[in-house]
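With the sequences and hints as input, model every part of the structure.
There are 2 protein chains.
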Amino acid sequence: MSYINNPREIEERSFEIITAEMGDKVFPEDIAPMVKRIIHTTADFEYADLLEILNNGYEKGMEALKKGKKIYADTRMIQVAVNKKALADHGIEIVNYVHDPDVMKEAKERGVTRSTVGMEKAFKDESIGIYAIGNAPTALYTLIEKVKAGEAAPDLIIGAPIGFVGAAESKVALDQIDSPIIRINGRKGGSPVVAAILNAMLYQLGREW
Amino acid sequence: MSYINNPREIEERSFEIITAEMGDKVFPEDIAPMVKRIIHTTADFEYADLLEILNNGYEKGMEALKKGKKIYADTRMIQVAVNKKALADHGIEIVNYVHDPDVMKEAKERGVTRSTVGMEKAFKDESIGIYAIGNAPTALYTLIEKVKAGEAAPDLIIGAPIGFVGAAESKVALDQIDSPIIRINGRKGGSPVVAAILNAMLYQLGREW
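Residue numbers (the working numbering), protein chains in the order written: chain A, 1 to 209; chain B, 1001 to 1209.
Just so you know, the hints here were simulated from the structure itself, not pulled from any lab data.
Remember, predicted model here, so these are calculated numbers, not experimental data.
Treat the hints loosely; a few may be bogus.
[Said to hold, decoys possible] Distance condition first, Cα-Cα at most 20 Å in a straight line; then the derived SDA-like pairs of lysine to any residue:
#: 1; chain 1: B; residue 1: Lys1108; chain 2: A; residue 2: Asn83
#: 2; chain 1: A; residue 1: Lys85; chain 2: B; residue 2: Lys1085
#: 3; chain 1: A; residue 1: Lys85; chain 2: B; residue 2: Asp1100
#: 4; chain 1: B; residue 1: Lys1108; chain 2: A; residue 2: Arg8
#: 5; chain 1: B; residue 1: Lys1084; chain 2: A; residue 2: Glu151
#: 6; chain 1: A; residue 1: Lys108; chain 2: B; residue 2: Gly1111
#: 7; chain 1: A; residue 1: Lys124; chain 2: A; residue 2: Glu151
#: 8; chain 1: A; residue 1: Lys108; chain 2: B; residue 2: Ala1086
#: 9; chain 1: A; residue 1: Lys84; chain 2: B; residue 2: His1099
#: 10; chain 1: A; residue 1: Lys85; chain 2: B; residue 2: Glu1106
#: 11; chain 1: B; residue 1: Lys1085; chain 2: A; residue 2: Pro101
#: 12; chain 1: A; residue 1: Lys108; chain 2: B; residue 2: Glu1011
#: 13; chain 1: B; residue 1: Lys1025; chain 2: A; residue 2: Lys108
#: 14; chain 1: B; residue 1: Lys1084; chain 2: A; residue 2: Met104
#: 15; chain 1: A; residue 1: Lys85; chain 2: B; residue 2: Lys1108
#: 16; chain 1: B; residue 1: Lys1085; chain 2: A; residue 2: His99
#: 17; chain 1: B; residue 1: Lys1085; chain 2: A; residue 2: Lys124
[Said to hold, decoys possible] Label-pair restraints from in silico Cβ distances:
#: 18; chain 1: B; residue 1: Glu1046; chain 2: A; residue 2: Thr19; range: 19 to 27 Å
#: 19; chain 1: A; residue 1: Asn55; chain 2: B; residue 2: Glu1151; range: 52 to 60 Å
#: 20; chain 1: B; residue 1: His1090; chain 2: A; residue 2: Thr19; range: 42 to 50 Å
#: 21; chain 1: B; residue 1: Glu1063; chain 2: A; residue 2: Asn55; range: 50 to 58 Å
For every residue, glycine included, the Cβ atom is placed at its ideal position computed from N, Cα and C.
Rendered as structure tokens:
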């Protein structure tokens, strides 16, 4: 059997195909790589219509990354899918508290999601600049409430919960705050999409590998 | 703000919505939960048309799980997305070698993907029964070559590489072997989809949580 077996070649060819099939859809030069990387991750061109950036989300997020601020991710999948070398090169840490024993215990006691409690734990760490939410609408609602109360001022919120109950609504609810936002409208989104957004931004910082 | 914040309630309501929107599409009783769980994970109803099961893939996979055979996953995302409690309850281990230092070194030297080399390492472990491929067409091709050569006889191959270069073709190539197969046709698939398939099967074994 004959097939391409070189990782870099596979990625380059993929992006060529995506660019060709996107046709006449045009994005700003700094945003286009993000759109293409999301499509590369999902094989789903609908994401070109679902991605929305508000309140200078891209620029504010890039500034936070340049300062080496931490990223809070609401899933372990995001953590493992973000390029480790890119994070290390720029001294950026990505944290997630959903599996911490204290978080799991408290969530059970209160009858709320681990995402909510994990999020509350994250607010106590001021070195966290970016909140990347790919799974739990509850995490996004907790964040929105905190921002509205003046108790959190994220450099960037990536709002991409996926699902059928509350996901779309939680992303609409982001309209209530004026934080920098990158969101995926509707039901779609998820951890791989969030990781693609973060990887696209990290690669814009410089990619030597 | 008012929203559902109970994890079990969210999942049950999601499955009700999915069942309603699937309309008149009917799947066998044991397969329906798998289809719905994939849609739950992706918010993409197209998967109901892309899932295909060949050579008693579902039954053979369930038998392997009942025997406590290991699962080889080609990504860490699959590993973290499969329910840990379900694995532990049934004494099943899920392994992945893509980030092993020896695998990374050899892949670089040979100029091939880490997925290929990780796969070759997995073949040496006879306690692995299920190969779950969500990312790399190269991993699937390596597997197909090995089966054709009579050097591997998996209990189940989950073939769901995602992407634009070789992914769809690699899944068509599964027609060349008569192993038990669960596959996602076309470009779509990916780690969350593979994890949804595995979780659906694990939950069929019994779910007490």
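Results of checking the hints against the structure:
1. The suggested pairing of Lys1108(B) with Asn83(A) holds, with an alpha-carbon distance near 17 Å, which does not exceed 20 Å.
2. This hinted pair does not check out: Lys85(A) and Lys1085(B) have alpha carbons roughly 30 Å apart, beyond 20 Å.
3. Distance check on the hinted pair: Lys85(A) and Asp1100(B) sit about 15 Å apart at the alpha-carbon level, within 20 Å; holds.
4. The straight-line distance between the Cα atoms of Lys1108(B) and Arg8(A) is roughly 12 Å, inside the 20 Å bound, and the hint therefore holds.
5. Between Lys1084(B) and Glu151(A) the CA atoms are separated by roughly 34 Å; this puts the pair beyond 20 Å, and the hint is violated.
6. At roughly 48 Å between alpha-carbon atoms, Lys108(A) and Gly1111(B) are farther apart than 20 Å, so this suggested pair is violated.
7. The straight-line distance between the Cα atoms of Lys124(A) and Glu151(A) is roughly 10 Å, inside the 20 Å bound, and the hint therefore holds.
8. Note on Lys108(A) and Ala1086(B): the hinted pairing holds, with a Cα-Cα distance of about 18 Å set against a maximum of 20 Å.
9. Between the alpha carbons of Lys84(A) and His1099(B) the distance comes to roughly 11 Å, so the proposed pair stays at or under 20 Å and holds.
10. In summary, the hint linking Lys85(A) to Glu1106(B) is supported, as the alpha carbons are separated by about 18 Å, within the 20 Å threshold.
11. For the suggested pair Lys1085(B) and Pro101(A), the alpha carbons sit about 14 Å apart, so the restraint of at most 20 Å is met.
12. The suggested pairing of Lys108(A) with Glu1011(B) holds, with an alpha-carbon distance near 16 Å, which does not exceed 20 Å.
13. With a CA separation close to 37 Å, the supplied pair Lys1025(B) and Lys108(A) exceeds the 20 Å bound.
14. Taking the CA atoms of Lys1084(B) and Met104(A), the gap is about 14 Å. The hint holds against a cut of 20 Å.
15. Among the hinted pairs, Lys85(A) with Lys1108(B) is consistent with the structure: their alpha-carbon atoms are about 15 Å apart, no more than 20 Å.
16. For the hint linking Lys1085(B) to His99(A), the alpha-carbon distance of about 12 Å falls within 20 Å, and the restraint holds.
17. Distance hint between Lys1085(B) and Lys124(A) is unfulfilled; the C-alpha atoms sit about 29 Å from each other, more than 20 Å.
18. Our hint of 19 to 27 Å for Glu1046(B) and Thr19(A) holds, since their Cβ atoms are close to 23 Å apart.
19. The given range of 52 to 60 Å is respected by Asn55(A) and Glu1151(B), whose C-beta atoms sit roughly 56 Å from each other.
20. A hinted range of 42 to 50 Å for the beta carbons of His1090(B) and Thr19(A) is consistent with their spacing of about 45 Å.
21. With their beta carbons about 54 Å apart, Glu1063(B) and Asn55(A) fall inside the hinted range of 50 to 58 Å.
The structure does not agree with the numbered hints 2, 5, 6, 13, 17 stated previously, though it agrees with the rest.
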